[in-house]
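Protein chains in written order, with the working numbering: chain A, -1 to 172; chain B, 21 to 646.
These are calculated hints, taken from the structure and not from any lab test.
Since this is a predicted model, take the numbers as computed values, not measurements.
Hints may contain errors.
[To be verified] Subject to a maximum C-alpha distance of 30 angstroms in a straight line, what follows is the list of computed BS3-like cross-link-like pairs (lysine-lysine):
#	chain 1	residue 1	chain 2	residue 2
1	B	K633	A	K171
2	A	K146	B	K629
3	B	K433	B	K533
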Amino acid sequence: MKRLYFIVIGFVALLLASCEREQRRFQQGAPSTDTSQSHASMDEIYPGGARPPSNVANVYEENAYMVSEGKRLYEQYNCVGCHFHGGGGIGPPLMDADWIYGGEPQNIHDTIVEGRPNGMPSFRGKIPDQQVWEITAYVRSMSGLLRKDVAPGRSDDMSIKKPEESQKPEPPKK
Amino acid sequence: MQFLPSRISPAYWDFSARIPRKSSCLLFLCLYLCACNNSRSHVSEGQFPEKGGFQNNVYQGRIEPDDGQWVRPAKDYASTRFSSLDQINTGNAKDLKLAFTFSTGTERGLEAAPLVVNNTMYIVTPWPNVLYALDLTRPGAPLKWSFQPKPSASAKGVACCDWVNRGAAYAFGNIYYNTLDGYTLAINANTGQLVWKTRLADFTRGESITMAPLVVKDKVLVGNSGGEFGVRGWLTAVDAHSGKIAWRAYLTGPDKDVLIGPRFKPFYSQYKGKDLGVSSWPPDAWKIGGASMWGWISYDPELNLIYHGVANPGPWNSEVRPGDNLWSAGIFARDPDTGEAVWYYQTSPHDLYDYDGINENLLLDLPINGQMRKVLVRPERNGYMYVIDRQTGEVLSAKPFGFVNSSKGVDLKTGLLQYVEEKHPRLGGVVRDICPAAPGAKDWQPSAFSPRTGLIYVPHQNICMDVEETDANYIAGTPYVGENVRMLIGHGGFGGEMLAWDPVQQKAVWSIKDHFPIWSGALVTAGDVVFFGTLDGWFKAANARTGEVLWQFKTGSGIIGQPVTYKGPDGKQYVAILSGVGGWAGVVVSGGLDTRDESAALGFANASKELPKYTTKGGMLYVFAL
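Here chain A stands alone, though its shape is the one from the complex:
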């Protein structure tokens, strides 16, 4: 009897735990890219005051499908050609805590769209904005910044690094 009791408790616990699964949102719109709303600062000094209100949140960071799309697009748009699977080579690594041009979602989005003066190409007008946000979400998963149940759990490639869901979180230094 006691055993059954434990089994029931365990089952309920399991059920409750599974409530924490990511929510599948259909027809998810991209975050706002209205620049008046954007606060993609890359600095820690704000003359005459505190840091402006927080950056645009990337709702795709809550959505496993969007993140996995981001992973696919990261390869298809040749991001992988310079940054490889996060370790870097031609471009800097993306799986660590160092962000030259900021590690907030808006910073990464802007880096992809605007390009950066030391070799990062500008993809303005080349990648649909929704896809840029998907790539942005995936890029942040590389340094463990996404929930484990959203971050990709496997790669369809040869095993060259731990999957993103097992990546130790490394919050951006800047």
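Add chain B to chain A, keeping to what the hints say.
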């Protein structure tokens, strides 16, 4: 060669340690079977080169006279990197002392050879490609002038393997060199003023320039980089006085672009036919097929021929480009006046492994089978030491000088490389333990030849790789590779070596092994001393006959530069080397890469992942004397 458990990463083993032993055995069996299911892990025989004893083959051919200066990276047109200076010899090399230093103010890899002309030393840095002139007549060799070309910072984004520059060339009172963003410059050697500047490469399409130009007669010869960016390779001759383009030979495409005409007489039949640079590719693939020219050029004034290599075809994923992919991964002989091709030989037909054919060609006259032959000796990326008749393009011999299992040899009848089928990379599967890896048994780092010992001194690496082909999408200005690569230290457990090779006996004589690839060039002198540097920063002098290390000095950073020697204004012999880790082998340090990703830097970061524990970045010139 069996499957070596020691080559599995330690993290794999830690995982099993937390599980009871019996189940861990089972788990292991499962893991092993799963891994095999997805991969093409094959036991295949590879081979190290044959070893022979030292036979003193005093060179019978001619060697260019030496005035104690160093006017081009390869020293002479034959590319021997041999100096007749002999003040520093095997007896006194142990007494070498630091004479002076100079900071380059850069953090990226220094692959260049310093030049010494008219008691001035010239140094080219990696991007931002500053040219420094140092006055050797004054104590401490102070700065005379510097020239800042201010290349575009964006060009760094199309440099496959660090922002390197392999050096300058002196002629007609000018220093000629190239910038990463695609210009060739002529700078007045006395004043540091710009004489002319010509744009040759378009970095917005993935082209860059990293090679050292060669000046032949009144032409400055320059080739492009960008084989990982879907460029179309070329070699261009620029008029040394005006900066105007004299001719350009594309290295893919129709014959008229490649400058193939009536004078083209290749030795082997597979290179005969019309427009093979088009028909050996899928439609239009030759337009983005790589075949760049970022390496070395040699010149034979008697035959009036230049010899240059051609780099890998793109993308690395070879399934998307069926065919021989001419004229990639081979050697051209050309007339320097017109650019006309005279012969061609393909070292890696339909290249499967990024075996760029851009290594140095040493032009020597050697007794082959009892007969003196004018040959070209090329320690080739695919692992073979080619001896080629430089008048006809006939391969006389090709013996492995490093560990090779990706091919079985070279068929001397057809000239064809004999690939090993089970090492053939595929889409949707992993092929393991391919030796040599993509950088080859030897990359750009140039060897030296001593006429006193008859030996070639070959700095090279010993690394293998696991490969999986992936989709390759061409987007102009971005990489066009289509491959996941992980490199590993090779068989025998060493990363590289300085190898002394007897080109007549076609055997290895001695070697000095190192934990890391040897990514520096070699220098040999009439004092029978060989100089080279290691990735962890040791600058070494070795006995050219025995391989005994006579002296070594720990520089501030890893060495990937080319040592040179010269006679100073005081009559003393000096030896100079640039220290500053980087390049493909060292970008793991200079680029601050994260080695948790084993594919970083096209997979090379994994083979040199220990390097950050041994050295840090930073550029410095070191000059030594007795």
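Quiz prompt | Distance restraint between K433 of chain B and K533 of chain B, which requires alpha-carbon spacing of 30 angstroms or less | solution = violated, 34 angstroms
Quiz item: Can the restraint linking K146 of chain A and K629 of chain B be considered satisfied, given a maximum Cα separation of 30 angstroms?
Solution: holds, 28 angstroms
Exercise. With a cut-off of 30 angstroms on the C-alpha distance, tell me whether K633 of chain B and K171 of chain A pass.
Key: Roughly 23 angstroms between the alpha carbons, so the hint for K633 of chain B and K171 of chain A holds.
This entry does not satisfy hint 3, going by the numbered hints stated previously; all others are met.
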